Every structure is written in structure tokens, then in C-alpha cells.
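Engineer: Listed below are the residues making up each chain.
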Amino acid sequence: MPQDIVKQQAVLEIKHFSKSYSKTKRAVDDLSLEVSAGDIFGFIGQNGAGKTTTLRAVTGVMDFTEGEIFIAGRSVKADPVACKSVTAYIPDNPDLYDFLTGVQYLNYIADIFGVTQADRKERIEKYADMFRIRGDLGSLIGSYSHGMKQKLAVIGALLHEPKLFVLDEPFVGLDPEAAFRLKEVFKEMCSKGSAIFFSTHVLDVAEKLCNKIAIIKGGKLVACGDIETVRGDESLESVFMEVLEKNEG
Amino acid sequence: MKAKWLLLAKIQFLGAFGLNKLRHTDDARLKRRAGWAAAAIVLAFAVIVFYVVVISLLFAEQGIVSALPAFMIAASSAIVFIFSLIRGSSMLFAAKDYDAVMSLPVKKSDVILSRLFTAYISNLLFALVVCVPASVVYFITAGFSVYRFFVILVSVLFSPLLPLTLATALGTVFTAVFARFKHKALWQSLAGILALAAILIASFAISYTSNSASADMNAVADFMAKKMYPPAALVSLATGGKVWAILAFAGANATAYALFVACVSPFYTKINALLAAKSAGAAYNEKQIRVASAFGALVKKEMKRLFSSAAYLMNSLTGALFLLIMAVAFLIFDPIQLLNEVIAAQAGAELSADLFLYPCAAFALLFAGMTFPSASSITMEGKSRWIMCSLPIPAKTIFTAKSLVGFLFSAPFALFFSVVVCAQSNAAAPQWILLLLVPTVYCAFISMAGTFLNYKFPKYDWTNETSAIKNSVPVLILSLGGMVPEIAVLVLSFMLGQNGFIPLLVLGGAALAGCFALWFGFFRRARLFDSPPSA
Chain A
1 MPQDIVKQQA VLEIKHFSKS YSKTKRAVDD LSLEVSAGDI FGFIGQNGAG KTTTLRAVTG
61 VMDFTEGEIF IAGRSVKADP VACKSVTAYI PDNPDLYDFL TGVQYLNYIA DIFGVTQADR
121 KERIEKYADM FRIRGDLGSL IGSYSHGMKQ KLAVIGALLH EPKLFVLDEP FVGLDPEAAF
181 RLKEVFKEMC SKGSAIFFST HVLDVAEKLC NKIAIIKGGK LVACGDIETV RGDESLESVF
241 MEVLEKNEG
Chain B
1001 MKAKWLLLAK IQFLGAFGLN KLRHTDDARL KRRAGWAAAA IVLAFAVIVF YVVVISLLFA
1061 EQGIVSALPA FMIAASSAIV FIFSLIRGSS MLFAAKDYDA VMSLPVKKSD VILSRLFTAY
1121 ISNLLFALVV CVPASVVYFI TAGFSVYRFF VILVSVLFSP LLPLTLATAL GTVFTAVFAR
1181 FKHKALWQSL AGILALAAIL IASFAISYTS NSASADMNAV ADFMAKKMYP PAALVSLATG
1241 GKVWAILAFA GANATAYALF VACVSPFYTK INALLAAKSA GAAYNEKQIR VASAFGALVK
1301 KEMKRLFSSA AYLMNSLTGA LFLLIMAVAF LIFDPIQLLN EVIAAQAGAE LSADLFLYPC
1361 AAFALLFAGM TFPSASSITM EGKSRWIMCS LPIPAKTIFT AKSLVGFLFS APFALFFSVV
1421 VCAQSNAAAP QWILLLLVPT VYCAFISMAG TFLNYKFPKY DWTNETSAIK NSVPVLILSL
1481 GGMVPEIAVL VLSFMLGQNG FIPLLVLGGA ALAGCFALWF GFFRRARLFD SPPSA
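Those protein sequence lines, which keep their order, are chains A and B. For the first sequence, the numbering used here gives the first residue as 1, with consecutive numbering after it. For the second sequence, the numbering used here gives the first residue as 1001, with consecutive numbering after it.
I should point out that these hints are in silico values taken from the structure, not numbers from a laboratory. If you're wondering where the values come from, they're calculated on a predicted model, not measured in any experiment. Where a beta carbon is used, it is the ideal one built from N, C-alpha and C, also for glycine. Errors might be hidden in some of the hints.
[What the hints assert, rightly or not] Below, a list of computed lysine-lysine pairs in the BS3-like style, where the Cα atoms sit at most 25 Å apart: (1) B:LYS1021 - A:LYS25; (2) B:LYS1031 - A:LYS25; (3) B:LYS1287 - A:LYS121; (4) A:LYS23 - B:LYS1242; (5) B:LYS1396 - A:LYS77; (6) B:LYS1304 - B:LYS1456; (7) A:LYS77 - A:LYS15; (8) A:LYS121 - B:LYS1304; (9) A:LYS187 - A:LYS208; (10) B:LYS1300 - A:LYS121.
[To be verified] From the derived model, a few chain B residues whose C-beta atoms are all more than 10 Å from chain A: (11) GLY1035; (12) MET1102; (13) LEU1124; (14) LEU1128; (15) GLN1431.
Same shape as in the complex, but just chain B:
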């Protein structure tokens, strides 16, 4: 007989990405769409693999390929930690199938284990995208041996456990602390984002002090492995021949995972009960009856949906809040002087404002591009979608309201960041125009594209908000696919110096064309229907 947690996990996997539905349907349209989604995701993964290979080859070129395994583990662990913290504890608590699962003859630890295992597998897939190409480069350049293969295999398989556990534990603490608060979703999100910001600022501070001595690639790799993510140092020792180090690495990861399950199990039902408890609310009075326009009502409802879920809010706010934090930091510190100290001084040259300005604009696009609540906004309708589908409103109005909310969450922050950057670097008038227009257009495009992709790939039968927000096809396409041009523009704008505006203009122009294409090709023509009933 299979372990019960495995059976629970199997049910979750069957629901993930609609794979089981796809397997058993004979709906050709659904299969065609899934094919396109798979192709887009594969393409995005291919580009990430390309970036990883380029970085790995740089390690080889610098003669520090021995540092590559520890670096790749540290980098993939950081990615797992950041994404898990953004997701918070939503995969553990307040699931729609909570009552159904808890009524089964299973232990609480089985339920927690099954949900964590599902998260582990999805994180492992991301870790593999980073680690497999890096490992191939490592084996080719450093030489293949069974021992090295064993070390890499064990470190990759175990590496997601610790960052996943740490991030989930932090999310669980926030969930428990704010469970009684009126606006618990908002508080949980702010706490999570502030924790993430604090960790990143602390990392930056450590790297800043360590870089004062040396800023070459060897130092960066050394810093990543030993200071930013200390367990990665064990991988470094293991590849150097210390067998105990890889056992210690695997043990530390597995122990953290097991400890978390053991610690949370006694409080699992309590936390869920706290989250399920609803306050009586304000007494009804006639002043609560207020008239608004149909569009205003749609936007207000979307906003309320966003602020009702910590996972949804945090996923939508993270990129924008990081831009805000960076903008405030740039207001307090002189960024030109700071960058001169960190980078330019190493090369003995003075940093030009252009070298700062254009990469900053690309940086704004990267973070604004991470803010796309519209990519889940249709899926989030879930079982209430009959309301949306039966309203006497053109689909374009509903889609515009959903896109507008995404735009309002990204554009103001991107613009504020751009204003600060322009002001601090004494930008010329054309640069002001460029830095204000391109992020605005790009935010509009991302918001509209999110709605479009969610319309094409809705998944209404979710039982856990996380699967709708983080693990859905439109979110994957937009987050992975978006990174491709965003990182390319960031790198090119830095490399091109005074001509760094060119990639920004190209991306801005493409985004504008995309907006028009989406408006005339989709928003104005789309009809909104429910998918066939599953029963």
C-alpha cells in the first residue's frame, strides 16, 4: 500500500497545470492550446538554459570552474527561496479542499508533507533548469567522474528542500501572526515583502563590504558560495573530495524539511481554523448602498479580490514594491556615486550617467514586468465565474478592468522609479521622455498580455490559490517569457553605453505594437464563455 501522503500528493499533481484533464479530454481546441503553452514554456526554458550556459562558460574561461557547482546550487537555492517566500504559506493553509482532505483518515503530517512535496517537485524542476546545463559545462571542462556525478546529483536533488522550508516557515509565521487581523492578506503580504527586501539588502551589504577587497569573478563565486548561502560551501568542499560534506548538505536539507513538518503539524488545524473564522462584519446600514459606474464596479471588485488573498497580493506587489524600495534608496543615497565606488572604481574609470540611466530603465522594465495580476485574474474567478459570464457587459469591458488593475499596480511604481533615476542623474529632456514612456507602455502591454493569456489558458477548477497564482500556464509564460527580452535589454543597454537607449526603444516600440494588436485583435473581438461543465 502506498504511503498516504503520496496518494494525497498524487491527487495534487493530477490537478496541476490541468494535465489530467488534458489527458482525458477529446477537446481538440484544449489540446491545441496546451501544445502552444508547452511550446512557449519550452522556449522560455531554452533561453534560461542559454543564459546559464553562457555564465557557466564564463566560469570556465576565468579558470574557476571548480566554483561552479557551489555557485549553481547557491543561485538555484536563492531562486527557490525568493519564489517560495513570494508564494508564502498559501499552499499549506486555507485550501478549498481543506475540509475534504481533513475528513479523510490521514495524519496532519501527511497532509503537510503532501503539499510540501508538490511544492518541492515544482521547485526541483526550476532547479534542474539551472543546474543541468551548468553541470554539463562543469563535466565537460572539469572532467567527468562517478564521484563528481554523485555529488552533483545529491546536491541538486536535496538543494530545494532548505530554501523551500525556510521560506514556507517564514510564511507560516506571518500567516499565524496575522490570522486574526482584519486585513490579514495585506499584512501578510507586506511582512513577506519586507522580509525579502531585508534579506536582499543584507546580502547587498555583505557583498558591498566583501567587494571592497576584490570584485573579480572568483570573489563573486566565493561570496555566493560561502557568505550569501553558506550551505553551498559544503558542495564546494564535496567537489573538492570531502565525502562527509555532501552527506552533511543532504542531511541539513532533509532535516530542515522533516523538522518543519513535525513542528507545524500540531498547529495545522488551529491556523486553518483561525484563517477560516470570519468576523461578523459591520452591521448593514443604508449608507452602504452606493451607485458606481459598471466599469468602476468591475475595477473595485478586482481590487477587493486582489486584497483578499495574501498570495495574490504578494505576487502582484513584489516587483512594484522592490522598485519603490530602490527608488527610495536612490533618493537617500547618490546612486552614481555608489555605483562609481562599487563598479567603476574597480576599472579606474568614472561612470557616465548614461551607463546608469539606461540600465536603470531596463531594470524598471524587469521588475514592472514581474507585476501581472491580470495573468491570474480570470482564473481567480474560479467557481464564481458564472457571475462574470452572465453579466450584461461586453467582454472587452471586463478584460479592460482586469488589465487596468494590473497596470495600476505596476506603472505608478515604475514611473516613480524612473522619475527618481532621471532626477538623480540629471537626465536630458529626451531621456526623461524615454524613461517615462517606455515603462508606461510596457506596463500596459504586460497587463493586457496577462489578461489575454489567462483568457486563452484559464484553469477554474483550482483548490488552492497558489496553483492559480503561481503555477498556472499564463503566469509561467509571462514570467519566463517576459524575462527573455527584459534581461536581453538590461544586458544590451549596459553594453551599448551611450547607445543604450536603442534596446529600450525597440522594446517600447514592440510593446506599443503589442498593445494595439491585443486591443484590436483580442479585446474588441473576444467573447466570454464558461468552459463546459466538468460534471
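So that you can see chain A by itself, here it is in the shape it has in the complex:
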């Protein structure tokens, strides 16, 4: 369980991060937060609040100039390759290479991350069995359903045992069993000292799964901390609505 983990150094530190897509609007404005080893950190906000922008900057997919982001003590700006090598990212709609078979995709990712033959074999088979897609690994990804693509993306992300697992709306499109398995994987990773940082609209999932949450509105962080502290005696849904209304205007 996340609560039982011995806390280590911060896996992810975001310091005064800002991002603008136009001169008039800031997608994210002076955001700072910290995710430690063993954390399952939920990032909550409305559509267009700045969640995806933050996640893309963390994973080095998107360039930024204002603020700093550190993964395992290294700067995403200065040393992106080192940061990416300990991170795994799954976007909200993981389009994979339709022209590869499932196993070819996994081999590709494992080659890039330098995963040994023995490790990749063990992990591919473990997670393919867990998510029940082992029989489909020889087929082209183009023939997969949305959920199967998502499962394959998750397996690919787990092959190198990342220190930081970043996911954008990971439970959308997954069947109930796969969602349950993914939560189990989160807990297993945290017990080994990794950290999970994910965005979600599903407050119920965040409430039950996360030990820390952050709420973002209009690009600004409006609440952040341990879930018990943020929530108090209320439900997360009530707190979320309250925080949004308080910051209205």
C-alpha cells in the first residue's frame, strides 16, 4: 500500500512551471508540486485546465521555457534523455504504430530502453497475461480495439520499470477488469519505490487510489497535498466543486 512505503527523495519536482500557447492566454501559470517515491498522485481539473500541458512538459514531449522540472534530481530541460529513460508516459489517446504487431512494438520499446532479453521476456509475458492480450501480440496493432491499444501501451510503459509513471486519463477506455489490474500495477510499482502521476476526471478513482492529489483550474494550482488533508471530512467531489466555485472569478 502507498502509505506503507518508506519515502525517498522526490521523483518529480515541478517548480514555477508556466506555459503559454498564445500571447493572451496562459495554459499553466506558476505551477509547483512534488511527487515522491511511493506516491500515487492524482492530478484533477476540468477540461482545458492545463493537466495535459503539465504532463507533456514533465515527459519532455513539449518544450517549455518558464520554470523547472526535475525527475529523480535531473532537469528535464538540461538532461531530457536521462529523465526520459526513467519515465514512462501514456497519453490520453495512445495512438500506437498500427503497422507493427504487438510484440514488434514491445520489442521496439524494450530495445530503445535497453531492456535485456530475459527481463523483457519475463515482463512481456507477465503483463500480457495480466491484461489478457498475450494471444493478440502476434497481430497488427491496427486490428486492436481502443482498449487493447491502451493495454499494450501500458505493457510497453512497464517494460523498463520506470521510476516515474505519467498517465493522462488512464482509466478511460479500459474494461473494468483491466482498470482493476492497472490499479494493482500502480500499487506494486509504488511498493518498489516508483511514483505514479496521473490526470483524471474520475474523482471516485482518485479518492480511492491516490495518497496525494492536486487540483488545477485555469492553469493555476488551487489545492495540493495529502488526500486526507485536502478532503478533510468531505467527499472529494464536494471539495472539488467547492474549490472551483471559490476560485471562480
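Based on the hints, put chain B in the right spot on chain A.
Structural biologist: Using the frame of chain A, we list chain B on its own:
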């Protein structure tokens, strides 16, 4: 209310070249890049216009300006046919927005018509680049009249329809025939390239027999108009005063277009369903788990991407395969003897090996320069680009892998062609070195420049592979811009005779400098990021 096919076509136009995005963005960097791209394309078009004007003036000088309209229509139709055949039927089938479009209350013929219309407009633009300057020369030298203007206007507007339709029909047949094949992309590409080669060889055979009688410019123009592209003969008749001929020309073009739409409509969904159907694939077994280096994995993935798309493969292979076909032809026939018969005998002189060797090297550069899959390789990542951007690999490694694939598709073919040319013409050692080094360096430069241009002008939001492969800014810059020095070197190497190595050396040196500049100025320094999310 507008016709539905026009509304569908409008959406496609808005996506073409990222024009709509450009119109509505306030990203200054994007606008600046678009400005540079526009300037490069305008410059390339200007050079093509220059070539067309020079050829048109030669017609006037030879006193055969009356043959110019038919010649320009035949030439632009040939260009439209070749480019449309290379593109195949990819603009019609297996589009990413197929489900979205077909769920709308529109007829299948509307969908086909809209996609063909988009292709027609882009081909018309190319036809205009050839026909407008030639027409201006024609009006100045032959005299302007309203009737002549009417004939030229109608012939130019209608001329892309027939070659576009014929090429698309051929591509559709290949698509339908090979839809069930395992490696359908490869089969479709090979069929298309072989068809193109057969047509060109047949044209050459016809011209060879007709040239035995006379090889002056008048005969060439006559051949182009009447034998190589018979409908152009109607333009010739129309400019001579026969009104029915221009009506027949327009009618033939429009009828072919309409017939194709009517014939394909009943099978449109069937062909798309066949293309969308995926085989179950081999059952997974643990032997499929294999280790490779990171760079090897990148190259392998690029290769698989290339072989997964008929349009991408054909566009990448055409130039290289033509070099292969030419090399094999040179192995079978003695090229020196052949050229002596065709050209030198006309002037009563013996052809020197140098006159053959250096233009051949330039010819290799021209065709190798048409092979640049790297110019679309970043764009082809499309919606999967998050994978490329999140990999723990320096951008230079990713770019090198993309460039290497382009190099592997062009250099071996160019080198094989050069070896055959050198061997057949008993080249001296320095000539061997020149003919092996210059194409290698040039292929490396083209591949690296393709990656660089695609990095500068990516377009990830494509719904049809054709727009990524054929109609993207980097492809236009490289294909049009590349032709400028390549044709210049071809002409100069022929004109300079024994000194024909000079333009080759200059281009080779420039390409080498370009390689170094790209490596130190771009590959080693570039960072790879996704563009901002469109949502």
C-alpha cells in the same frame, strides 16, 4: 445550398498545406516558417517557369510555335499522369477520416468526387506552372486572339482530368487486386512502378522508331502531340481553327472523369473494407522477443513504416527503381552504340564516352534526388508522435535513423547505375571515383535535407497519407528545389563535353558542405518536441 461534394472538398482544402491552421494561429514562429516555405516554393516555381520559357522560345526560334500549345498540354499531362500514378489510389482509399466521412449523409460518389477534385486542383496548379508561361510566349509570337485564348483556357483547365483519371483508375485496379495480399503495399508499389516503366519504355520505343526518319524539333513536337499523348492532337487541331476539336478535348477529359466516378462508386465501400480488414497474424511465441540496439530498432521501425504504405513506398522507390531499370537496360544493350544511333548519327559524328558518362552521372543524381522518404518520415509519425517524442534517445539518433533509411533507398541504386555506366564506357580511374563519390554524397545530402525540412515543416494532423507524402511542404521544396541544380548539372554536363565533370564536382562539393552544415548545425543540436496540442 452548396453541393455536398464541394463541402467535403472544402474541408480537405482547409487541411491542405496547413493553410487554415496558419490563418487562425497567432504563433509567430509557425508564420515565419510558412513564409520561408512559400518563398522556397515560389523560387522553385520560378525556375521551372524559366525552363518552360526557354523551351517555348526554342519553339519560336525554330518556327514551330504553332505546335507549342499541343506540346505544352502533352508535357503537362505526362507530368500529371506520372505524379498521379506514383501517388496511386491512396487519396481515395484507406483515409483516416473514412469512417467520419462515410457516416455523413453523403453519397459515395460525392466522397469520390470531392477527393478527386482536390487532386485535380493540385494537379491544375502544376499544369498552370507549365502552361501559363508557354501560353504567354505563344500569344506573343503567334499573336493574341480571343479564339486562341479560349482554346488555350479550355485545354489547360480540362487537361489534368484525363491523365489524373487514367492514373487513379490504374492505381484503383492495383489496390483492389492486391487488397487481400499480405504485403499489399509492396505489391501495389511494384505494380505501379512496373506499369510506369512499361509506359515509358513503350514511349521510348515509339519515339525511337519515329526518330529514325527525322529527329528535328518539329518531329519531336509532332511526336509528343500525336503519338505520345494523342488527345493533344485535338488541341493542335483546335488552334488550327477546328472548334469541334477543343470541344472534343474537353468532352473526352470530362467524360473520363465522370465515368470513373460512376464506375468506382459501387465498389468504394467494398475496397475500403478489404483494405481495413486485418489478418489475425501469426500466433505469439517467445521466439519473437529479440534484442536489438536502440539505433537498429529505430531503423527497423522506419523500414516497417515505409513498407506498410503503398503510397509512401512507391514515392520512395520510383526514382531508385528507374535507375535500376536503366542500369539493367545498359547492361543488356550497349548504351554508347544506342546513343550513337539515336543522337550522334543525326549529326554525323561519333559519340565520345565523356559525352555519355557525365550526363549519365547527372541523370543518376536527378533520379536519386527524387528518392527522399526522409522528407515525410517525421510527418508520418502522425498521432503516434508522442512515442518518438518521449523516447530516451537524443533527437540526432532519431533523425539519423530516418535519414539512413532514405540513404539506403537511393544510394545503392545510384551506385549500381554508376558502376554499370563506368564499366560500359570503359571509364578511367578518376571517372570511376567521381561517379561513385558524387552520387553517394548527394544521396546522403538529400536524405539529411529531407529530415531537416520535415523537422522544420511537420504536419501531423493528416487524415490521408497522400497529403503527408506528396503534398507536404518539405516534399514540395525538395522535389521542386532539387530539380533546379539537378537539371542544371544535367544540361551543363552535356554541354561541356569533356569538361562535364566540373558541374558534377561543384554539386558534389556543395552537397558535401551541405552534409557537414546539416550535421553540425542541425542534427547535433536539434531537440525534438511535439507541437502544441490542437485541442
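Engineer: State for each hint whether it applies.
Structural biologist: Tested hints:
Between LYS1021 (chain B) and LYS25 (chain A) the alpha-carbon distance is near 18 Å, which keeps this suggested pair within the 25 Å criterion. For the hint linking LYS1031 (chain B) to LYS25 (chain A), the alpha-carbon distance of about 19 Å falls within 25 Å, and the restraint holds. Restraint check: the Cα-Cα separation between LYS1287 (chain B) and LYS121 (chain A) comes to about 10 Å, which is no more than 25 Å; the hinted pair holds. Restraint check for LYS23 (chain A) and LYS1242 (chain B): the C-alpha separation of about 62 Å exceeds 25 Å, so the hint is violated.
Proposed proximity of LYS1396 (chain B) and LYS77 (chain A) is supported: the alpha carbons are some 16 Å apart, at most 25 Å. Restraint check: the Cα-Cα separation between LYS1304 (chain B) and LYS1456 (chain B) comes to about 24 Å, which is no more than 25 Å; the hinted pair holds. In summary, the hint linking LYS77 (chain A) to LYS15 (chain A) is supported, as the alpha carbons are separated by about 12 Å, within the 25 Å threshold. Straight-line distance between C-alpha atoms of LYS121 (chain A) and LYS1304 (chain B) comes to about 22 Å, which keeps the hinted pair within the 25 Å bound.
About 12 Å separates the Cα atoms of LYS187 (chain A) and LYS208 (chain A), which keeps this hinted pair within 25 Å; it holds. A threshold of 25 Å between alpha carbons decides the hint, and for LYS1300 (chain B) with LYS121 (chain A) the separation of about 20 Å falls inside it, so the pair holds. For GLY1035 (chain B), the condition that its CB be more than 10 Å from all CB atoms of chain A holds, with the nearest at approximately 19 Å. The beta carbon of MET1102 (chain B) sits about 18 Å from the closest Cβ of chain A, which is more than 10 Å, so the claim that it is off the interface holds.
The claim that LEU1124 (chain B) is not at the interface with chain A holds, since no C-beta of that chain comes within 10 Å of its own (minimum 33 Å). The beta carbon of LEU1128 (chain B) sits about 36 Å from the closest Cβ of chain A, which is more than 10 Å, so the claim that it is off the interface holds. Here GLN1431 (chain B) stays apart from chain A, with its beta-carbon at least about 43 Å from theirs, past the 10 Å limit.
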